[in-house]
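Protein chains: 2
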Amino acid sequence: MAAMRVTVLAGAESAPFVRELASLLPAHDLTVVASVARDQWVHGLKRTPDADALLDGLRAEPSSATSRVAEELAALGAEPRWAHDDDATLARQVLRTELLAAGFGLAEVTAALAARLALPATVVPVSEHRTELHVVVTDAGERRAVHVEEHLATGTAEAESLVVVSTDDSASDAALAAVRDADVVVLAPVRPTVTRTPLLRAGGLRDALAARPAPLLAAPEADDPLAALADPLELPVTTVGSPADVAAAVGA
Amino acid sequence: MAAMRVTVLAGAESAPFVRELASLLPAHDLTVVASVARDQWVHGLKRTPDADALLDGLRAEPSSATSRVAEELAALGAEPRWAHDDDATLARQVLRTELLAAGFGLAEVTAALAARLALPATVVPVSEHRTELHVVVTDAGERRAVHVEEHLATGTAEAESLVVVSTDDSASDAALAAVRDADVVVLAPVRPTVTRTPLLRAGGLRDALAARPAPLLAAPEADDPLAALADPLELPVTTVGSPADVAAAVGA
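Going line by line, the protein sequences match chains A and B. Each residue of the first sequence is one higher than the one before, counting from 1 in our numbering. Each residue of the second sequence is one higher than the one before, counting from 1001 in our numbering.
To be clear, the hints were calculated from the coordinates, so they are not data collected in a lab. Ideal Cβ positions, reconstructed from N, Cα and C, are used throughout, including at glycine. Any given hint might turn out to be false.
Negatives, chain A to chain B, calculated, CB over 12 Å [said to hold, decoys possible]:
hint, residue
1, His43
2, Asp86
3, Asp87
4, Ala91
5, Ala153
6, Pro213
7, Leu216
8, Glu221
9, Leu235
10, Val240
Which bits of chain A does chain B cover? Going by a derived footprint, with three or more residues having C-beta under 8 Å, they are [to be verified]:
hint, stretch
11, 56-70
12, 74-85
13, 94-106
14, 134-144
Build the full structure now, drawing on both the sequences and the hints.
Listed below in C-alpha cells is the structure:
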C-alpha cells in the first residue's frame, strides 16, 4: 500500500494523541499543524508553547523536565514569573530566536528543529506571522486585553471576549499545503477556544478544509476553561475516538 | 573606623580570591572591575564569562552547576559546541540580553544583576562597549584571528599575537571612577594575557592607575597558556599574597 499523507490540526493538549498516532502510522507521512495562538515573546525569546509541546511529545525519549533556568530567572526577579518553561523548551526558544533573527521563517525554523530531533512527523506552524490570542477582561473596573498565556497562567478576571492580535492573519503555505495535499485530515483533541478557534481563523485554512471531498476526522474536544467563547466548528466531520480509529480510517 | 573603598581588578579566575576578600571586608565598600575581553555573542545571547564567574563567586550559596540547556542545544546540533554554559549563567545571559536590547548599558545591567543577587560587592565591567580579545593563529597555512574563548576551549593552533577587536576601547565611567575614588586598588590573581592585558588596555584605566598616590596591591599571577603574549605590567606595585594581606592593608 502506498504511504498515505495524514495531516493533524493540533495544540499542546494534543501531544499524547499525536504521539500515539505517530507510533501507529510509521509507514505514512504525518504532518502536524500547530496552533500559534499562545506564541509570544518573553525575555526576548520566542515562545511557541503548542509547537514545543508537540515537538517534545514526538521525541523517542521525553526530555527530563528540569526548569533550572526558569528558577534562576525567578531568583533574579525577572518578570513575568508565570512564564516558567522547562530547560529543553528554553534551549529551543534560544535556537529558534537565533534562527528567526538570522532571517528564517517560523515554518523553516520549526521544520529544522523537528529534523534535528529526528522526529517521526513534520511539524508546521499554522501561521508564519505573529498571531496571538488575547482575552478581554474587566479588572478593577477597567476593560483590558490580556494575552491568553497570562490569562491561563495567572487566572485574571473572567474572559468576556476574544481578540486575535495579528501582524498578518494568513495561514502559512506549509499549513495550507498540508491540508490540501493530505489524504486524511484529523482534528486532534484540542481546546475549542484556546486552540481550535484561532487555528481555524488563520486566513485560508477553513476554506481549504471546506474544499476537501472527505470530512474532517474529529477527535473529542479537550477541556477548555474558555469553552463558552469558541467559534462554532461549522465543518462536516466524522467523529473518531482515538488514534486507533484514525489508523483504521487510514488503513494502517 | 570609616568604611574604606576597595577596588579589585579581576577576571573569572579571580573569583575565589574576590569571594574571600568580600568575606574579610564586610564593613567596607568593595567594587570589582571585571574584564570584558572574553565577552561575545553566542546564540543571540550576550556571554560575559568574567563578570558571570565573579557574580557567581560572590553569591552566598553557589548555584548548582547543571547545564541542561547547553546539553539540549548540543542535542539540537547547535554550534558552537564549545560554548557550554551552566543554567544559572544562561539565565543571566537571557536577562542581560533582554536588558541590553531595552537600551540599558552593560554597566547598568551588571549592577542590576548584582543588586538582584544581593551580593556583598558591586561588579562593574571595565568597558561598556564590545571589546573582545582575539588571538592570531596560523591554521593549515592560513593566518586568522580567533576569539580567545574559542581558542581556550578548542585549542586551535599556537597563538602568535593578540588583537583586541573593539567598537570603542575606552574604559567605562564606572571602572574609571572605581579606580580614581578608591582608597585601595587591588590586582587580583589574573591571567596576564587573557585578563590583565586587555583590562589595562581599556582607554584611560592605566593612566588612572598611574595617577594614584599609592601603589597597586598585586596578587600573584594566575597560570595563563598565553603568558608569553602579555603586555608588561609597568605600574608600581606592592605584592600581596592573599586576601588576608589586603584586609591587613585596609586595616580590617
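Evaluation of the provided hints:
no.: 1; hint: His43; result: 5 Å, violated
no.: 2; hint: Asp86; result: 8 Å, violated
no.: 3; hint: Asp87; result: 4 Å, violated
no.: 4; hint: Ala91; result: 3 Å, violated
no.: 5; hint: Ala153; result: 19 Å, holds
no.: 6; hint: Pro213; result: 39 Å, holds
no.: 7; hint: Leu216; result: 33 Å, holds
no.: 8; hint: Glu221; result: 32 Å, holds
no.: 9; hint: Leu235; result: 36 Å, holds
no.: 10; hint: Val240; result: 33 Å, holds
no.: 11; hint: 56-70; result: holds (count 6)
no.: 12; hint: 74-85; result: holds (count 4)
no.: 13; hint: 94-106; result: holds (count 5)
no.: 14; hint: 134-144; result: violated (count 0)
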